[in-house]
Amino acid sequence: MITLYDFDSKAGRPWNMSAWKARYSLNFKNITYKTIWIEFPDIEPTMKKLGALPTGRRKDGTPFYTLPTIHDDSTGAIIADSAVIAEYLDKTYPTPTQLIPAGTHALQTAFRELVDSRATPLVSLVVPDAVTKTMNAPSAEYLTRAFAAAVSNAASMSKETRVAEWEKAEEVLGGVKALMKPEDRWVMGDAISFADFVVAAMLIMTKTVYGKESEEWTRIMKWHDGRWDRMMTDLDKYTAVY
1 MITLYDFDSK AGRPWNMSAW KARYSLNFKN ITYKTIWIEF PDIEPTMKKL
51 GALPTGRRKD GTPFYTLPTI HDDSTGAIIA DSAVIAEYLD KTYPTPTQLI
101 PAGTHALQTA FRELVDSRAT PLVSLVVPDA VTKTMNAPSA EYLTRAFAAA
151 VSNAASMSKE TRVAEWEKAE EVLGGVKALM KPEDRWVMGD AISFADFVVA
201 AMLIMTKTVY GKESEEWTRI MKWHDGRWDR MMTDLDKYTA VY
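Quick note: the sequence shown uses full-length UniProt numbering, first residue 1, plus one each step.
Because the hints were derived from the structure by calculation, they are not lab data. Treat the hints loosely; a few may be bogus.
Computed list of lysine-lysine pairs in DSS-like fashion (alpha-carbon distance at most 25 Å, straight line) [unchecked claim]: (1) 91 x 159; (2) 237 x 207; (3) 34 x 91; (4) 212 x 91; (5) 29 x 207; (6) 10 x 212; (7) 222 x 212; (8) 177 x 133; (9) 49 x 59; (10) 237 x 29; (11) 159 x 212; (12) 222 x 237; (13) 159 x 133; (14) 34 x 48; (15) 207 x 168; (16) 48 x 59; (17) 133 x 222; (18) 34 x 49; (19) 207 x 34; (20) 212 x 133; (21) 222 x 177; (22) 177 x 207; (23) 207 x 222; (24) 10 x 207; (25) 159 x 207; (26) 91 x 29; (27) 237 x 34; (28) 181 x 222; (29) 212 x 168; (30) 34 x 10.
Start from the sequences, fold in the hints, and give me the full structure.
Following this line, the structure appears as structure tokens:
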């Protein structure tokens with residue numbers, strides 16, 4: 001069985017968009033797995049104990065560990081980073097279909113990097129709100145210390161500034177829409193791929209933090225003639241939590 005290490009929350013439900021990419025991928029491939037929930041300050045010691053490799057380096061050169069991470073009991077593999085996880089799942093569990101179809105790796109990587117690089121307006125709104133609305137005390141306190149300026153700026157953001165940031169977020173998704181033809185159901189056309197989960201993960205994070213009846217979520221679902229509402233409805237069958 002695969003174990004998915006994900007960020008914990010008050011409701012015991014997934015919220016982080018990076019981890020959601022991995023969860024979507026596992027569900028899409030219908031792979032049996034279980035979740036272990038981790039608080040932010042426990043990530044590094046837990047990953048070191050597990051034997052996971054760091055996913056980066058801090059400015060001082062020390063290793064940096066992140067989630068999501070999976071541990072596959074059947075192979076012994078320990079994989080971190082959602083994109084690397086998707087590649088591993090495609091190689092180890094090639095059926096029923098590929099997350100990153102053959103010949104699309106470069107395109108999928110470019111798309112993912114484009115979306116990630118432009119996601120700042122939405123992330124800068126949602127993540128600080130997740131600190132107060134979604135996270136348990138250990139994670140909230142950890143992030144408040146680690147990203148004090150960002151959390152403080154978000155808390156003191158004026159109504160006018162928030163409106164402007166939401167408009168920027170709409171432009172980001174508008175840019176994604178512009179890359180696709182009107183008749184395209186998914187990023188790759190007619191077939192679901194990891195690229196769709198990159199977008200969906202960003203959206204479902206917003207839904208989890210604010211709630212499905214919230215003004216924020218309702219607003220997004222109306223953007224661009226309801227394209228994202230249709231997308232999230234179609235992907236709902238891949239949102240199970242195990």
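Here is how each hint holds up against the structure:
no.: 1; hint: 91 x 159; in the structure: 48 Å, violated
no.: 2; hint: 237 x 207; in the structure: 16 Å, holds
no.: 3; hint: 34 x 91; in the structure: 20 Å, holds
no.: 4; hint: 212 x 91; in the structure: 35 Å, violated
no.: 5; hint: 29 x 207; in the structure: 23 Å, holds
no.: 6; hint: 10 x 212; in the structure: 17 Å, holds
no.: 7; hint: 222 x 212; in the structure: 13 Å, holds
no.: 8; hint: 177 x 133; in the structure: 29 Å, violated
no.: 9; hint: 49 x 59; in the structure: 23 Å, holds
no.: 10; hint: 237 x 29; in the structure: 12 Å, holds
no.: 11; hint: 159 x 212; in the structure: 21 Å, holds
no.: 12; hint: 222 x 237; in the structure: 21 Å, holds
no.: 13; hint: 159 x 133; in the structure: 18 Å, holds
no.: 14; hint: 34 x 48; in the structure: 20 Å, holds
no.: 15; hint: 207 x 168; in the structure: 18 Å, holds
no.: 16; hint: 48 x 59; in the structure: 19 Å, holds
no.: 17; hint: 133 x 222; in the structure: 23 Å, holds
no.: 18; hint: 34 x 49; in the structure: 19 Å, holds
no.: 19; hint: 207 x 34; in the structure: 22 Å, holds
no.: 20; hint: 212 x 133; in the structure: 14 Å, holds
no.: 21; hint: 222 x 177; in the structure: 13 Å, holds
no.: 22; hint: 177 x 207; in the structure: 19 Å, holds
no.: 23; hint: 207 x 222; in the structure: 13 Å, holds
no.: 24; hint: 10 x 207; in the structure: 15 Å, holds
no.: 25; hint: 159 x 207; in the structure: 20 Å, holds
no.: 26; hint: 91 x 29; in the structure: 12 Å, holds
no.: 27; hint: 237 x 34; in the structure: 17 Å, holds
no.: 28; hint: 181 x 222; in the structure: 19 Å, holds
no.: 29; hint: 212 x 168; in the structure: 21 Å, holds
no.: 30; hint: 34 x 10; in the structure: 18 Å, holds
In summary, the structure is inconsistent with hints 1, 4 and 8 from the numbered list given earlier, while agreeing with the others.
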